[in-house]
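Position chain U relative to chain W; hints supplied.
Residues per chain are reported as follows:
There are 2 protein chains.
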Amino acid sequence: MSNILTSRKQDYAQWYNDLVIKGGLAEYSAVRGCMVIKPYGFALWENMRDQLDRMFKETGHQNAYFPIFIPKSFLSKEAAHVDGFAKECAVVTHYRLKNDPNGNGVIVDPEAKLEEELIVRPTSETIIWHSYKNWIQSYRDLPILVNQWANVVRWEMRTRLFLRTAEFLWQEGHTAHATKQEAIDETRQMLDVYATFVEEYMALPVIKGVKTESERFAGAEDTYCIEALMQDGKALQAGTSHFLGQNFAKAFDVKFADKDNNMEYVWATSWGVSTRLIGALIMAHSDDEGLVLPPRIAPLQVVIVPIYNKDEATTQKINDKAAEIVKELKAKGIRVKFDDDDTRRPGWKFAEYELRGVPVRITLGARDMDNNIAEVARRDTREKESIALDKVVEQAEQLLEDIQMNLYHKALTFRNENTTRVDSWDQFVSVLNDKGGFVAAHWDGTAETEDKIKEMTKATIRCIPLDSVQEEGACVLTGKPSKQRVLFAKAY
Amino acid sequence: MSNILTSRKQDYAQWYNDLVIKGGLAEYSAVRGCMVIKPYGFALWENMRDQLDRMFKETGHQNAYFPIFIPKSFLSKEAAHVDGFAKECAVVTHYRLKNDPNGNGVIVDPEAKLEEELIVRPTSETIIWHSYKNWIQSYRDLPILVNQWANVVRWEMRTRLFLRTAEFLWQEGHTAHATKQEAIDETRQMLDVYATFVEEYMALPVIKGVKTESERFAGAEDTYCIEALMQDGKALQAGTSHFLGQNFAKAFDVKFADKDNNMEYVWATSWGVSTRLIGALIMAHSDDEGLVLPPRIAPLQVVIVPIYNKDEATTQKINDKAAEIVKELKAKGIRVKFDDDDTRRPGWKFAEYELRGVPVRITLGARDMDNNIAEVARRDTREKESIALDKVVEQAEQLLEDIQMNLYHKALTFRNENTTRVDSWDQFVSVLNDKGGFVAAHWDGTAETEDKIKEMTKATIRCIPLDSVQEEGACVLTGKPSKQRVLFAKAY
Chain W
369 MSNILTSRKQ DYAQWYNDLV IKGGLAEYSA VRGCMVIKPY GFALWENMRD QLDRMFKETG
429 HQNAYFPIFI PKSFLSKEAA HVDGFAKECA VVTHYRLKND PNGNGVIVDP EAKLEEELIV
489 RPTSETIIWH SYKNWIQSYR DLPILVNQWA NVVRWEMRTR LFLRTAEFLW QEGHTAHATK
549 QEAIDETRQM LDVYATFVEE YMALPVIKGV KTESERFAGA EDTYCIEALM QDGKALQAGT
609 SHFLGQNFAK AFDVKFADKD NNMEYVWATS WGVSTRLIGA LIMAHSDDEG LVLPPRIAPL
669 QVVIVPIYNK DEATTQKIND KAAEIVKELK AKGIRVKFDD DDTRRPGWKF AEYELRGVPV
729 RITLGARDMD NNIAEVARRD TREKESIALD KVVEQAEQLL EDIQMNLYHK ALTFRNENTT
789 RVDSWDQFVS VLNDKGGFVA AHWDGTAETE DKIKEMTKAT IRCIPLDSVQ EEGACVLTGK
849 PSKQRVLFAK AY
Chain U
369 MSNILTSRKQ DYAQWYNDLV IKGGLAEYSA VRGCMVIKPY GFALWENMRD QLDRMFKETG
429 HQNAYFPIFI PKSFLSKEAA HVDGFAKECA VVTHYRLKND PNGNGVIVDP EAKLEEELIV
489 RPTSETIIWH SYKNWIQSYR DLPILVNQWA NVVRWEMRTR LFLRTAEFLW QEGHTAHATK
549 QEAIDETRQM LDVYATFVEE YMALPVIKGV KTESERFAGA EDTYCIEALM QDGKALQAGT
609 SHFLGQNFAK AFDVKFADKD NNMEYVWATS WGVSTRLIGA LIMAHSDDEG LVLPPRIAPL
669 QVVIVPIYNK DEATTQKIND KAAEIVKELK AKGIRVKFDD DDTRRPGWKF AEYELRGVPV
729 RITLGARDMD NNIAEVARRD TREKESIALD KVVEQAEQLL EDIQMNLYHK ALTFRNENTT
789 RVDSWDQFVS VLNDKGGFVA AHWDGTAETE DKIKEMTKAT IRCIPLDSVQ EEGACVLTGK
849 PSKQRVLFAK AY
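From first to last, the protein sequence lines are chains W and U. The first sequence begins at 369 in my numbering and counts up by one. The second sequence begins at 369 in my numbering and counts up by one.
Just so you know, the hints here were simulated from the structure itself, not pulled from any lab data. Treat the numbers as computed from the prediction; the structure is a model and nothing was measured. For every residue, glycine included, the Cβ atom is placed at its ideal position computed from N, Cα and C. The reader is advised that the hints may include incorrect statements.
A short, non-exhaustive set of chain W residues, derived as facing chain U with CB atoms under 7 Å [as the list claims (entries may be wrong)]: (1) I405; (2) F434; (3) R508; (4) L510; (5) P511.
Coverage of chain W stretches by chain U, computed from C-beta distances (three or more under 8 Å per stretch; other residues unrestricted) [unchecked claim]: (6) 392-402; (7) 491-503.
Quick list of in silico lysine to aspartate or glutamate cross-link-like pairs, EDC-like style, CA-CA up to 16 Å [unchecked claim]: (8) K455/W to D477/U; (9) K752/U to D736/U; (10) K689/U to E720/U; (11) K455/U to D477/W; (12) K627/W to D710/U; (13) K455/W to D468/U; (14) K390/W to D451/U; (15) K602/W to E769/W; (16) K705/W to E484/U; (17) K858/U to D819/U; (18) K752/W to D770/W; (19) K390/U to D509/W; (20) K717/W to D707/W; (21) K466/W to E456/U; (22) K698/W to E483/U; (23) K820/W to D802/W; (24) K466/W to D451/U; (25) K390/U to E720/U; (26) K481/W to D819/U.
Just chain W, with the same shape it has in the complex (with noise of 0.2 Å):
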């Protein structure tokens, strides 16, 4: 298999891109920056969003659609917010095509202008505020807890398959409260699932924090975060959540009736994660033979690979068992494969199957079949066993638990490893630059101070964690007295 993807010790960044692309899970397509997401890579994001919207709607959330469109105004009316995402944008200026009066295909029919442009979608804040102006009159209408699964836009100039694209797919949570402690509270509950959610199904630890205010997002009073650690010693920011105090509803004018019939702004969250998760989750768990996914999301839990011989009745014998091992694992909720495709050969089949992480791969030969044993492996150790074939459901049922503690032990032993107390401005910057991973280091607090560390390391603070010790210090940089540490880190 040594050829077909690239090393990660060769070259992190090649690997990743091979393993997308012949993972099956991704590609570029013939739109700068817009990527194609594969039948595999759009099952594994199907059960990521399946589960996160069952998440949602346990705590309370409804799902809605607002337009693609934005009118290009509605950008400019939050202060923050325009500078943040007025920038790259897809601008639409027209509404018709015609035909080339030349016969060179179509044209864009200059009479179609539009009198204001419209901006795909960034992000939806703008657009769904102005709606709500026309939803909220009283305490009775509150609170709004609405979800959105859309595609956004944002016109990057460097793209990478699912960390960074101009086009990506995403969730984004838009709430309205009655009081700024219910939206604190509602923006802290959504980091929780978050936090849960990539722990619990994605095998992924991460930090709970908050971000500094040049990290925030544009129109946001906080932000809060989950940071997680790749492989390489980067670190990926796999969700947000927003405090968006009343920022927006007095930019749209969004007031309700308490129950004295006082008129007040309403308070604001928006929180969201994207198809970015899946480049965080590959980068995470995955090695030099291939895709390793976590059992609770990954789109083929167990694949039964036949060994046949010439012999009739042992083939119809394995495929006898293999139909029953099927019936078996599927009424337990697992999601099997038996791949009995007579054009691929087993050997190509266990590299393909390793190829795209598949979890458990149970072997049932020919010779195998005379002793009542089937071989069964696991991909993220890739350890084998030959196993009764009488106890084989068992063990592939517990293989899945056991692969998802594991990987999820991995990651936080190797983030354990990787994230570094330290000290001094020579320590910071060894570490930074021979060790990677997070630094828990003093800040003095200014933005000053935070923009001249990214300057000089390319490391950016990452996030206050939530759980950090209130301890005295001075800043790493300059010396100024601190109360806590902060972690940094160079990032995706």
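Below, chain U without anything else, positioned relative to chain W:
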């Protein structure tokens, strides 16, 4: 309630619009022709989408996602397609905004003009077949059975919520096959899937048929469709399935090596249904009191409304009983809500749930509790019955089945009564004008006659029914010979 909605008799179009808005399904947005699908409308769409998605997967399809943008030149690659779709489109010409030097918000940056304009997809055949070229080399890569759930944009000049909007949600299946017969079988299979879904879940009978050449999808060799009849006697196309021949394979040069290593063009299909189905659903079943929703796709199937008195013990008794009923119904997989909101009166709730089309309402009244009975009301016939408390769950479950069947049979009877066989031009015109509905008439098979009839009566040929009997006849307009009746109607 009569003052909430315009009645159907008074103004059918206004009734529809009132219902969509007051029923909380959708509303117009700040962007011309684009709608907001509100949570209740979206929950309906989710139920429809999830069931369709299950049916697609059961027939072997996988989901994927392709870019929202299509390079302008792609639209011109298939000769017929360009005429159908390269017209009223949203055209992206720029990729950046900048601050207005005059300080008035943001303006389009003239420096950021795209070399080639991008079209927001009106349908995705071209961008998808461009990808398929890379996916398909040999017969082993076929068939490709892919579906996409997506938003699409067609710049409609006259819009109506759900029925015709600039942006709408839909699914589009795009399949690739080694043989013509396999592609035709797929086209017909998906037509059957649509018909089954609309009849069994939406309780709406449909006619399966094939479109005439002039009503065909731009780029198809044959367009199959399902046609439904609305309460105002107008037809609505509820879904289409296209046999695309080798047109797109030729336009995008997609060939495969067959088993004998000959290079052949691939055969294609595409098929889609959209949020338009929600419009069909509303217009088929609802009444002057509000929505009437088929239980199988109703967001809420049973609502329990308490009528308290001042007695605390009775209130407790009602709440306990409600909790018990909720638990039992949920265990049966029934979507149920106990509405104990004390800021609304029972009468308000009755009207609200009637407006929202909740199929079954259970009223737990303080006085009834002493007699161990509850009132159970069905939305379709508005009948109420007193039921012993220990039979309420059973009765509600049975009613959901009964309502589903009743709605279907009512719609079927309506369609049968409003399908008229017509053999003269005078009768044709008078049936269309006075009675409406489907008109089964002979047609000489020419586009000229079809056009003339459309011009004279606004009726179009909805389809040539698949089950139509071969019989000799004379064209209703020209008297020329015809071998079968086709279905005419005025349509949405």
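Results of checking the hints against the structure:
| no. | hint | verdict |
| --- | --- | --- |
| 1 | I405 | 4 Å, holds |
| 2 | F434 | 5 Å, holds |
| 3 | R508 | 6 Å, holds |
| 4 | L510 | 12 Å, violated |
| 5 | P511 | 12 Å, violated |
| 6 | 392-402 | holds (count 5) |
| 7 | 491-503 | holds (count 4) |
| 8 | K455/W to D477/U | 9 Å, holds |
| 9 | K752/U to D736/U | 14 Å, holds |
| 10 | K689/U to E720/U | 23 Å, violated |
| 11 | K455/U to D477/W | 9 Å, holds |
| 12 | K627/W to D710/U | 14 Å, holds |
| 13 | K455/W to D468/U | 12 Å, holds |
| 14 | K390/W to D451/U | 37 Å, violated |
| 15 | K602/W to E769/W | 28 Å, violated |
| 16 | K705/W to E484/U | 44 Å, violated |
| 17 | K858/U to D819/U | 13 Å, holds |
| 18 | K752/W to D770/W | 14 Å, holds |
| 19 | K390/U to D509/W | 15 Å, holds |
| 20 | K717/W to D707/W | 8 Å, holds |
| 21 | K466/W to E456/U | 9 Å, holds |
| 22 | K698/W to E483/U | 52 Å, violated |
| 23 | K820/W to D802/W | 20 Å, violated |
| 24 | K466/W to D451/U | 9 Å, holds |
| 25 | K390/U to E720/U | 10 Å, holds |
| 26 | K481/W to D819/U | 32 Å, violated |
The structure does not agree with the numbered hints 4, 5, 10, 14, 15, 16, 22, 23, 26 stated previously, though it agrees with the rest.
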